[in-house]
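A.B. asks: Residue 1469 in the working numbering sits at position 78 of the sequence shown, with consecutive numbering throughout.
In case anyone wonders, no lab produced these hints; they're calculated from the structure. Glycine included, C-beta positions come from ideal geometry on N, C-alpha and C. Keep in mind that a hint or two might mislead.
Said to hold, decoys possible - Quick list of simulated restraints, FRET-style, between CB atoms:
hint, residue 1, residue 2, range
1, E1558, E1482, 18 to 26 Å
2, G1478, E1444, 47 to 55 Å
3, Q1511, L1446, 16 to 24 Å
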Amino acid sequence: MPVTPSANPRIIEALYAEALALADRARDAFEALRRQPANDAAPPAGGSLGADEDLAHVQASCEALRTTTRIMHCLAWLLNHRAWFAGELTELQLRRHGRLIAHFPASDPACIIHLTLAAQAVVHESERLYQRITRLEQAWQSQGMANAAPHDPQTDPLPMALIHLRERLGLALAEAGEPTRHVVPCAWGRPSP
1392 MPVTPSANPR
1402 IIEALYAEAL
1412 ALADRARDAF
1422 EALRRQPAND
1432 AAPPAGGSLG
1442 ADEDLAHVQA
1452 SCEALRTTTR
1462 IMHCLAWLLN
1472 HRAWFAGELT
1482 ELQLRRHGRL
1492 IAHFPASDPA
1502 CIIHLTLAAQ
1512 AVVHESERLY
1522 QRITRLEQAW
1532 QSQGMANAAP
1542 HDPQTDPLPM
1552 ALIHLRERLG
1562 LALAEAGEPT
1572 RHVVPCAWGR
1582 PSP
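Use the sequences and the hints to build the structure in full.
C.D. replies: The following block contains the structure:
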């Protein structure tokens, strides 16, 4: 895969460092939020928090999980691309396993306003990071489709194995009396028989 103007090793490394720092800040912000008392008042006589405090804790926990998951998905995408640039992954492996999860749910503004300012900042920064990486992913996908090289069985035997598997499946279906004229699109842009 050629290096696109928007995805090169320097940008990937910078985003990776930024994502690591953001993961540390998220851990610190949400750990501080977890340790923060719900309010300064003493708990009720039964010793448990009220329903509003319970709801606030659950919402904060959900937002912490959503935010850290968003950051971890960004880190995974960046690690896969770092590995590709270092020659540790093939383009096929990267295309197969290096995709960013699309349409990750955004944070709920009604929940965010109840977080500390530090936690709110982390949530917003994680959303911006995810949007930036989504744009890189889209550019990478469109660039890869435009520059898709023809398949070379000498360097990548997997597609040939799939072609042979399709041939054997077609023979087995023909022996069973099933129609074999279905056109199944393959990943290399040409339909298989």
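A.B. asks: Please go over all the hints and tell whether each is borne out by the structure.
C.D. replies: Quick rundown of the hints versus the structure:
1. Taking the beta carbon of each, E1558 and E1482 are about 25 Å apart, inside 18 to 26 Å as hinted.
2. Distance hint check: the CB atoms of G1478 and E1444 are about 53 Å apart, consistent with the given range 47 to 55 Å.
3. The beta-carbon spacing between Q1511 and L1446, approximately 18 Å, falls within the hinted interval of 16 to 24 Å.
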